[in-house]
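Student: Line by line, the protein sequences are chains A and B.
Residue numbers for the first sequence follow our numbering, so the first one is 1 and each next one is one higher.
Residue numbers for the second sequence follow our numbering, so the first one is 1 and each next one is one higher.
The reader is advised that the hints may include incorrect statements.
Calculated pairs, DMTMM-like style, for lysine to aspartate or glutamate (alpha carbon to alpha carbon, straight line, at most 25 Å) [as the list claims (entries may be wrong)]:
#1 K77(A) <-> E128(B)
#2 K73(A) <-> E64(B)
#3 K93(B) <-> E72(A)
#4 K65(A) <-> E24(B)
#5 K65(A) <-> D47(B)
#6 K127(B) <-> E78(A)
#7 K135(B) <-> E55(A)
#8 K127(B) <-> E81(A)
#9 K146(B) <-> D124(B)
#10 K146(B) <-> E25(A)
#11 K80(B) <-> E19(B)
#12 K93(B) <-> E19(A)
#13 K65(A) <-> D124(B)
Calculated directly from the structure, the hints in this document are not laboratory data.
Chain residues, written in single-letter form:
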Amino acid sequence: MSGTKEITVRLLMFAAARELSGVSETTMKVPSSCDTEALLAMVVKQYPKLSSLVEQLPTVLAVNKNMMPLGEKVVLKEGDEIAVIPPISGG
Amino acid sequence: MAVQNESGNLVTVVVLSNEPLSLEALAAKVTFPSCGAVATFSGTTRDNFEGKAVVELAYEAYDEMAEQEMRAIAARARAKWPGVKGVAMAHRKGVVPVCQASVVICVSSPHRQAALEAVGFCIDELKERVPIWKKEVYADGPPSWKQNAEYLRAAAPRCSRWRSLAASAATPPAAVAAIIAVVLAHALFRRNARP
């Protein structure tokens, strides 16, 4: 896509996402301008074992430690942090 | 990791730690001469879930975001209950055996109503917003990652796919047809009943 450069972000996975993918922390190349639903789809494409989690449970992304609704447009810069957030269960 | 902030006379303590939590130590951090109330909540590991024997719970956290969210909850509690002086929120990571605390919340205020209400608010908010995950380990069968109902209720609007699923589940085609039938029947009845 012209005008959208590719950058490298940190990718964190927790709980069921971490177990399914086998990854807790890595990096990923993503377009600097996209939306969170597309970002999650890119993560699932790279880690197909996440698909069962994402299909069955409301899984979202946190971008720079903020929970983001799926479909929200984001502008990312080099070194930003995205995290796969399965449904939380603290307390 | 313990973070303590003092702003004027207000004290906020946020703890995320693999070590056992001490209710007494946390309550002491928010006990002040000016406060007549210290209200506390401890969430402890229960030995059963839906008839299954639970051996232990294991917790995992997105550390920095969890601490940030706990601090934000404390700030919101202060905004709702301006009399609150001390807020301590502590969550344990790793394995938490039965009867031990995974979460402790202590709030102090001059009088009891604010402290009691703010503690309830803090645990409700934590269950909805703080990125911590609990794995239930059973005596028999594979362990299971839990999902807080508080989060699921709030999360559906955040997930576009789940929002559309929730909307379609709320009014399945059969229900829509039934509603239309009732409305038409009511309209016909009213027309026929006119003198």
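Student: Work down the list of hints and note, for each, if the structure agrees.
Tutor: Hint by hint, here is what the structure shows:
no. : hint                : verdict
1   : K77(A) <-> E128(B)  : 29 Å, violated
2   : K73(A) <-> E64(B)   : 23 Å, holds
3   : K93(B) <-> E72(A)   : 31 Å, violated
4   : K65(A) <-> E24(B)   : 31 Å, violated
5   : K65(A) <-> D47(B)   : 33 Å, violated
6   : K127(B) <-> E78(A)  : 32 Å, violated
7   : K135(B) <-> E55(A)  : 20 Å, holds
8   : K127(B) <-> E81(A)  : 23 Å, holds
9   : K146(B) <-> D124(B) : 16 Å, holds
10  : K146(B) <-> E25(A)  : 22 Å, holds
11  : K80(B) <-> E19(B)   : 31 Å, violated
12  : K93(B) <-> E19(A)   : 17 Å, holds
13  : K65(A) <-> D124(B)  : 20 Å, holds
Figure legend: structure checked against the earlier numbered hints; hints not met, in rising order: 1, 3, 4, 5, 6 and 11.
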